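All chains, please: the whole structure from these sequences, using the hints.
Line order of the protein sequences matches chains A and B.
Those letters in the first sequence? Residues 1 to 235, by this note's numbering.
Those letters in the second sequence? Residues 1001 to 1309, by this note's numbering.
These are computed hints drawn from the structure, not numbers from a lab.
Careful, some of the hints might be misleading.
So the derived label-pair ranges between C-beta atoms look like this [said to hold, decoys possible]:
{"hint": "1", "chain 1": "B", "residue 1": "Ile-1084", "chain 2": "A", "residue 2": "Pro-218", "range": "55 to 61 Å"}
{"hint": "2", "chain 1": "A", "residue 1": "Ile-107", "chain 2": "B", "residue 2": "Val-1223", "range": "26 to 32 Å"}
{"hint": "3", "chain 1": "B", "residue 1": "Asp-1249", "chain 2": "A", "residue 2": "Asn-80", "range": "47 to 53 Å"}
Computed cross-link-like contacts, SDA-like style, restricted to lysine to any residue with a CA-CA straight-line distance of at most 25 Å [to be verified]:
{"hint": "4", "chain 1": "B", "residue 1": "Lys-1190", "chain 2": "A", "residue 2": "Gly-7"}
{"hint": "5", "chain 1": "A", "residue 1": "Lys-196", "chain 2": "A", "residue 2": "Gly-7"}
{"hint": "6", "chain 1": "B", "residue 1": "Lys-1262", "chain 2": "B", "residue 2": "Arg-1096"}
{"hint": "7", "chain 1": "A", "residue 1": "Lys-196", "chain 2": "B", "residue 2": "Glu-1205"}
{"hint": "8", "chain 1": "B", "residue 1": "Lys-1026", "chain 2": "A", "residue 2": "Pro-216"}
{"hint": "9", "chain 1": "B", "residue 1": "Lys-1055", "chain 2": "A", "residue 2": "Asn-3"}
{"hint": "10", "chain 1": "A", "residue 1": "Lys-173", "chain 2": "B", "residue 2": "Arg-1128"}
{"hint": "11", "chain 1": "A", "residue 1": "Lys-196", "chain 2": "B", "residue 2": "His-1022"}
{"hint": "12", "chain 1": "B", "residue 1": "Lys-1262", "chain 2": "A", "residue 2": "Glu-8"}
{"hint": "13", "chain 1": "B", "residue 1": "Lys-1023", "chain 2": "A", "residue 2": "Ala-197"}
{"hint": "14", "chain 1": "B", "residue 1": "Lys-1254", "chain 2": "A", "residue 2": "Val-84"}
{"hint": "15", "chain 1": "B", "residue 1": "Lys-1190", "chain 2": "A", "residue 2": "Thr-47"}
{"hint": "16", "chain 1": "B", "residue 1": "Lys-1262", "chain 2": "A", "residue 2": "Lys-173"}
Only a predicted model underlies this, so the values are computations on that prediction, with no experimental measurement involved.
Ideal placement from N, C-alpha and C gives every residue a C-beta, glycine not left out.
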Amino acid sequence: MSNRPGGELATRPLHFIWICDCSGSMFGEKINQLNHAIRDSIPEMKTVSGENPNATVLIRALKFSSGAQWMNKDPVPIENYTWVDLDADGVTDLGKALSMVADELKIPPMTERALPPVLVLISDGQPTDNFDSGLKELMDQRWGQRAVRIAIAIGNDADNDVLQKFIGNTEMKPLIATNAGMLVKQIKWVSTVVLKAASQPMSQTRDAPKPTTNVPIPTVPDDVTTSATPADDVW
Amino acid sequence: MVVKFFSNSWYCVGDSVQGASHKRNKINRQDEIGIPRAYADFPLVVSVADGHGGKDYFRSDKGAKIAVDTATEVCQQFFSAIHIQKYNPENNKDYRESLRREIVRVWRERVFEHINVLQPYDDEELERVCQKQKSNRTTAAIKNRPETPSNDPVLIPYGSTLLSVVITEYCIAYLQIGDGDIYCINRDGKISRPISKDPNLIGNETTSLCSVEAWSDLEIKIVPIDEQSPPPMMIMLSSDGYANSYPDDTAFQKVVCDYFKKIYSYKDGVIDGITDIGQNLPHWLDEASEGGSGDDISLVLVGNVDYLK
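In structure tokens form, the structure reads like this:
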């Protein structure tokens, strides 16, 4: 037995949160494809996580429509995570969703030693509640400011200005999914490339060039941002 | 592994290991430690520096080495010049101001020298450096403080933290810029941080010697030594990879206390305790990195045994 000074060691937690629009406009193919894409991404997230044993990837999902609700409020290690299919109905209370995320990013329950969390917002519409207030609550939290914030717009009706405000970095644009194939690619990119980058961050100086993300995110490949077959663009 | 004894009163032990994730990704160790030669005279200077790593800081291992060398040389000259007969605690503010400017100035000068003389940037490196955008703190900072050296982006690849402790007969100085930890075990057995943690730095954020206002981010505390305030029994400096391998501050403070207990648990004397730590340190630090943060880990323990006499 080691007589190493100190007690039990701990890897660094990496909180990954899906923030999903479940409003009525998502009903049908959009929500079905969203469920399919995220469910299919879980095995690859497990692989990415397994490549870095020094980070513990913890997953949560929050749905918003008329109000917002955690699918699992307690973070679940990726090894044990299973996706529970979402239904669509109601309006688009994104402000409420961001407010609930803000509560979970407070220190505590978060620790200062965590890796920057990853927040992935997926929406097809425009907020129906006070989005600015929810965003302010999120950005008032130190981990809210430092989170890697990615947004996926489903279809051309999504409010890209809102999604851009959520991202908070002009160099990073919302990903726009105009068909099911693009949504799958974008979810896969976020859940593998972004997750990998976030789990192995290097130090960032406080006055690093702005705007920037707290974690250097690789450039989004063209095939993730552009539809290969525009004729398939149905959203 | 380094174990050094400086006199009947002071000892030092330290090491620096490549992080588990750096081994997996074939990245050089970016940390560095600085420890004086055995039986060196006062002032004794010990340091830990942590190069930031990553693509923006592609020479941070060199920056860390320059940081510990700079701290050693500047602090030795500075405190030798003050000397015990001239030291006046009322002047601590002036000492701090001069020292922080001098360390940042010399570090930058040596980085420029390294780039210009020893290892000029190649075309690919130059392109990466030129892609750097201007910091949004730059203009005002430079305007208001024209004496501050330029925020030349060529410095950024060398970005590093620096933790140093200077021990003289008359005072102890603690210096810190960036993440990492300095802890003391005081004569009353209590553990303390001579320099408070910066509450604005969480996760992977840090201040840096390559920052525009590095001189103002460099925290310095000078504590006089006299009969009423004897030196701590042990001082521990470590890079952030060590604390990040434990769940929280309380868990990490147990590490500090355990080192202290190990040193003094040998019935034949502290030398055995210190030597034992020195022999085991590389394994312990490797184990912490593998089971914890995956980052490089550097540790320097410096202690005083006068109170045992």
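Could you check the structure against the hints above and give me the numbers of any it violates, in ascending order? 3, 5, 6, 9, 14, 15 and 16
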